[in-house]
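Asker: Below are the chains, spelled out letter by letter.
Number of protein chains: 2
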Amino acid sequence: MSAPSGAGKTTLCRNLRQQADFIYAVSCTTRTPRPGEIVGEDYYFLSEEEFQARIEDDEFLEYAEVHGRKYGTLKATVFEHLKKGVDVLLDIDTQGAAAIRSCRDPFILDALVDVFIMPPNIEELRHRLLRRGSDSEEQIAVRLKNAQREMLRWKEYKYTILSGSMEEDIAKFRSVMRAEHYLSRRLSLDLA
Amino acid sequence: MSAPSGAGKTTLCRNLRQQADFIYAVSCTTRTPRPGEIVGEDYYFLSEEEFQARIEDDEFLEYAEVHGRKYGTLKATVFEHLKKGVDVLLDIDTQGAAAIRSCRDPFILDALVDVFIMPPNIEELRHRLLRRGSDSEEQIAVRLKNAQREMLRWKEYKYTILSGSMEEDIAKFRSVMRAEHYLSRRLSLDLA
Chain A
14 MSAPSGAGKT TLCRNLRQQA DFIYAVSCTT RTPRPGEIVG EDYYFLSEEE
64 FQARIEDDEF LEYAEVHGRK YGTLKATVFE HLKKGVDVLL DIDTQGAAAI
114 RSCRDPFILD ALVDVFIMPP NIEELRHRLL RRGSDSEEQI AVRLKNAQRE
164 MLRWKEYKYT ILSGSMEEDI AKFRSVMRAE HYLSRRLSLD LA
Chain S
14 MSAPSGAGKT TLCRNLRQQA DFIYAVSCTT RTPRPGEIVG EDYYFLSEEE
64 FQARIEDDEF LEYAEVHGRK YGTLKATVFE HLKKGVDVLL DIDTQGAAAI
114 RSCRDPFILD ALVDVFIMPP NIEELRHRLL RRGSDSEEQI AVRLKNAQRE
164 MLRWKEYKYT ILSGSMEEDI AKFRSVMRAE HYLSRRLSLD LA
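Going down the list, the protein sequences come from chains A and S.
Residue numbering for the first sequence follows my numbering, starting at 14 and increasing by one per position.
Residue numbering for the second sequence follows my numbering, starting at 14 and increasing by one per position.
Simulated from the structure, these hints should not be mistaken for laboratory data.
Every clue listed holds true.
Note that identical chains are pooled: a pair holds if it fits in a single copy or bridges any two copies.
Once the Cα atoms are required to be at most 30 angstroms apart in a straight line, the calculated DSSO-like pairs of lysine-lysine come out as:
1) Lys-97 <-> Lys-171
2) Lys-83 <-> Lys-96
3) Lys-96 <-> Lys-171
Generate coordinates for the entire structure from the input sequences, incorporating the hints supplied.
Answerer: Below, the structure is given as structure tokens:
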């Protein structure tokens, strides 16, 4: 799942995680924790050096730099669950999603379902970021500029959900998750 | 939507029709009405001659012969609603679905979402047909044979739903209908 900063992605993911039918892939970041964030639940917080070492050991499924900080998903986190047949939810930016789309692992590509959450408009995004109160005016300006650039990439995703209320977004996202399970190409039936 | 005889397709369609977000395409048939069926709601009942005349006038989107009776969907029924942006549900057999899949109308092909309802097993089908009580033993044998032949064609469909309870089948089918609306290729967004 990708969504521009402030589109409510974090809250959406938090709500989805409480529903037990998939696993949230906790990602790694070099940014500093925000108040209330829980280590190993929201993120694994790594130093620049630790992150760099894992890049060199080819441990990331994808990683990207956003707002000057590194973010990445470890292969181990994703494979562990997919191999058990459990869906894995990634909260990922457009760069990260593009990296996964261009990976060559047929196992990953087959499991991939990319969903873009499109926020109502830039004004609404600005309000949400202001309400959150964790960014300076300068940081908000950078986030909005990045958000606008990200919003142009919705067509790269198989699905695009126009964000409404949190309840609507959850219902829409879950419909996509369910429907993908009914694709005939994902089924193997023995009718003999 | 296709499903072998007795998979509960008619009841499923009837339930879905009560939910107002799409239109059921009433099809034409040359078979005789069963007790309780309503003309223009369950089927349009046509004579062999009337049906044949409409075939000759190229009025059918698809038609097929099943158990010695003709069934078909009029183009007018489907186009009328699709052009208004309303989803249209077709209760159709595997022959009919194949006919639509191979039509050359890009408007139809773009709108097409084919879903196969897979009944639990042949024994359960036999029980359901017996319970329905509208067929002779000979007719049931024919229906079961056809059902088995149809069940082998599930892979032709984009989606296959393994039939559970009626409520589960409805929820699954509606997830598919919703998710298809969120496909990026179906959206046109103006972000300027």
